[in-house]
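Asks: Residue numbers (my numbering), protein chains in the order written: chain A, 1 to 360; chain B, 1 to 360.
None of these hints come from the bench; they were simulated from the model. As the structure is a computational prediction, the values presented were derived from the model and not from experiment. There may be inaccurate statements among the hints.
[As the list claims (entries may be wrong)] Each computed BS3-like pair below joins lysine-lysine, with the alpha-carbon atoms no more than 25 Å apart: (1) B:Lys149 to A:Lys283; (2) A:Lys149 to A:Lys229; (3) B:Lys149 to B:Lys225; (4) A:Lys173 to B:Lys283; (5) A:Lys283 to B:Lys89; (6) A:Lys152 to A:Lys66; (7) A:Lys283 to A:Lys208; (8) A:Lys152 to A:Lys121; (9) B:Lys173 to B:Lys208.
[Said to hold, decoys possible] These stretches of chain B come out as covered by chain A in the derived footprint (C-beta under 8 Å, 3 or more residues): (10) 71-85; (11) 185-193.
By construction, the Cβ of each residue, glycine as well, lies at the ideal position given by its N, Cα and C atoms.
The primary structure of each chain is shown beneath.
There are 2 protein chains.
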Amino acid sequence: MASLHGGAEERGVPGLANALVVFSQTAEDGEIEVQISVHRLMLDDNARTQAYKQAILSQANYFSDKVVLDVGAGTGILSLFCAQAGARKVYAVEASRLSSLAERIVINKTVENVCLPEDEKVDVIVSEWMGFYLLHEGMLDSVLTARDKFLKPDGKLFPDIVSLYSAPCSLPKFYDHWEEFHGLDLSPLGDEERRLKGSQPDITEVNKDDLLASHQIVCELDLYKTSSKDLDSISSRQVFSVSREGRYQGVCLWFDCSFPSISLDATRVVLSTSPHCQQTHWKQTVLVLPEEMYVTEGDPLAWELILERGGDDWRHYNIQCTLLDPEEERHPVPCECLLPKCCLIREIIDKHAQTLGSQE
Amino acid sequence: MASLHGGAEERGVPGLANALVVFSQTAEDGEIEVQISVHRLMLDDNARTQAYKQAILSQANYFSDKVVLDVGAGTGILSLFCAQAGARKVYAVEASRLSSLAERIVINKTVENVCLPEDEKVDVIVSEWMGFYLLHEGMLDSVLTARDKFLKPDGKLFPDIVSLYSAPCSLPKFYDHWEEFHGLDLSPLGDEERRLKGSQPDITEVNKDDLLASHQIVCELDLYKTSSKDLDSISSRQVFSVSREGRYQGVCLWFDCSFPSISLDATRVVLSTSPHCQQTHWKQTVLVLPEEMYVTEGDPLAWELILERGGDDWRHYNIQCTLLDPEEERHPVPCECLLPKCCLIREIIDKHAQTLGSQE
Chain A
1 MASLHGGAEE
11 RGVPGLANAL
21 VVFSQTAEDG
31 EIEVQISVHR
41 LMLDDNARTQ
51 AYKQAILSQA
61 NYFSDKVVLD
71 VGAGTGILSL
81 FCAQAGARKV
91 YAVEASRLSS
101 LAERIVINKT
111 VENVCLPEDE
121 KVDVIVSEWM
131 GFYLLHEGML
141 DSVLTARDKF
151 LKPDGKLFPD
161 IVSLYSAPCS
171 LPKFYDHWEE
181 FHGLDLSPLG
191 DEERRLKGSQ
201 PDITEVNKDD
211 LLASHQIVCE
221 LDLYKTSSKD
231 LDSISSRQVF
241 SVSREGRYQG
251 VCLWFDCSFP
261 SISLDATRVV
271 LSTSPHCQQT
281 HWKQTVLVLP
291 EEMYVTEGDP
301 LAWELILERG
311 GDDWRHYNIQ
321 CTLLDPEEER
331 HPVPCECLLP
341 KCCLIREIID
351 KHAQTLGSQE
Chain B
1 MASLHGGAEE
11 RGVPGLANAL
21 VVFSQTAEDG
31 EIEVQISVHR
41 LMLDDNARTQ
51 AYKQAILSQA
61 NYFSDKVVLD
71 VGAGTGILSL
81 FCAQAGARKV
91 YAVEASRLSS
101 LAERIVINKT
111 VENVCLPEDE
121 KVDVIVSEWM
131 GFYLLHEGML
141 DSVLTARDKF
151 LKPDGKLFPD
161 IVSLYSAPCS
171 LPKFYDHWEE
181 FHGLDLSPLG
191 DEERRLKGSQ
201 PDITEVNKDD
211 LLASHQIVCE
221 LDLYKTSSKD
231 LDSISSRQVF
241 SVSREGRYQG
251 VCLWFDCSFP
261 SISLDATRVV
271 LSTSPHCQQT
281 HWKQTVLVLP
291 EEMYVTEGDP
301 LAWELILERG
311 GDDWRHYNIQ
321 CTLLDPEEER
331 HPVPCECLLP
341 KCCLIREIID
351 KHAQTLGSQE
């Protein structure tokens, strides 16, 4: 047991005078193996850090005097925000031998093996567990374990609702670039690059103008109810109606996560990794299609996405994307695509609306 | 043997109709292991690609009908520039099993084991062999081997003169950043990061405004004369006079390389990786000092830099930087620092100039 109290106060962190930040075990004095630069990247991701800060500090009246568990605390930044917000105690659990900084003790233990003193339960679990395409690295399981072991029945999860989205897109930097390069056509290099990329999802920044249709939801998880088993396999059949003509070259994935608003005057804070928002270190995840296709407005597109835990490393996922025949899929109602059945449905809905309108 | 002729022409590359690009061996049909994305990074480095393009294409009258050897051809972009410039033949040698693209054959052989047909000699060796801080990865040795084996006595090297520079600098992103982070003082994290970085040079972008003195040359290599042995150990004792006050936190290294101007109307093209120029993928190399020091204008600084080939991997270098007592070092003449001897020398020079002036 060690207290951050003195240290934090000495360093002049405002609002920490009332907080006792307790780390649950002394760190091994072993070598520090994890490069701080990875954490620096995450800290420097302003959308990420700012969302957590706002979600926590805007509800200081809720956090006041609460007991918090920070799962996968890393550099401890979320713990410090909770302490700033008035938390009475923050247990920071970190599995990697990240660092034993001056006034901080980080344990080399997974949350599965943690025991809080006198089987204490916590009011809040904060965690920044999201990986690429939300699920990569499977750290959510640790949060769910912590929830089941340590969260009070009315306790809160920060974040508590997460969603994975997808949309068809163009990938100009994997195509256009090679076709005219300093007066040379290097498209064979582009073909090769795409072939290599075809074997695994690529983490890259997708421009919002390169999305070819409105996004669809792959899955939404309510973290109070989700079980580890639910994460073994996630699948979704999706139909899109092209809203911008262009070269259909990839499937773009991203996620949002949303924080509870407990205080009456607070609104839900959403951290979005959408191409429509400020880019984050998660960027977007792209599945590069083996063949491109030119699509125009109103064209229907369909695919089935399956995310399954990998065999050897259960924390990794295999992503499978199967392009489907959109004519054989059930479309949303109404659907903007130009397939006869969808045009017909739109017409019926329009007429119905007119009829209702004329009856008013 | 395979010809790029047909392929290049079919793909409409201008200026290739007269060029026969010959690759010296059939590639193994083995798996492609090197990620093209590394080469993409280099191709996308516009300062790099543009410098080679300009150095080569601006001297098309020299390249016309010449035989060229491209050492470490990678994606073959330099070979294509030479072909565009009118080269009769381009031998492209690539040691890695990079890729066997449609119309291109890249050999899986080091240049040391290459034999050109009928012991042909070449007019030009082009190569982009530079690593971080110029020498990292030691690919220059392969170019020197190729020079000794294949270059005609009056043949040219592209590039032919390279220089390594150093200057003292501030490293705000390794310091300032942590001291005020979302209302928190995370300086222990910064200390830790710098401690980790202390064990090896960091590749990072240094802002020109963070340089604290004019740069000094660590070494200049004339590649017509340099031997592999010259590269085993490079050292330099350097004295700087601080030109901008600030926090002296690191030693910044970068390099320039310069291409021959053979045509009468051509000027030397210089590819610079200086903080004063457009940033390249080489960025700058920084040695983070264990302690920072506040310096003001006129302060003298001195160090000895030693770059030595590593023990286990002779292609890697160990860099050692020893801070010296500037009072005990020989300063350049004139030197702008405020040490009495340098002030005195400046005064004498000034007076001498006045005397000379009054005699005129």
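Asks: Against this structure, judge whether each hint is valid.
Replies: These are the hints, each one checked on the structure:
{"no.": "1", "hint": "B:Lys149 to A:Lys283", "verdict": "violated, 48 Å"}
{"no.": "2", "hint": "A:Lys149 to A:Lys229", "verdict": "holds, 17 Å"}
{"no.": "3", "hint": "B:Lys149 to B:Lys225", "verdict": "holds, 14 Å"}
{"no.": "4", "hint": "A:Lys173 to B:Lys283", "verdict": "holds, 22 Å"}
{"no.": "5", "hint": "A:Lys283 to B:Lys89", "verdict": "violated, 44 Å"}
{"no.": "6", "hint": "A:Lys152 to A:Lys66", "verdict": "holds, 11 Å"}
{"no.": "7", "hint": "A:Lys283 to A:Lys208", "verdict": "holds, 12 Å"}
{"no.": "8", "hint": "A:Lys152 to A:Lys121", "verdict": "holds, 6 Å"}
{"no.": "9", "hint": "B:Lys173 to B:Lys208", "verdict": "holds, 14 Å"}
{"no.": "10", "hint": "71-85", "verdict": "holds (count 5)"}
{"no.": "11", "hint": "185-193", "verdict": "holds (count 8)"}
Hint compliance for this structure: hints 1 and 5 are broken, all remaining hints hold.
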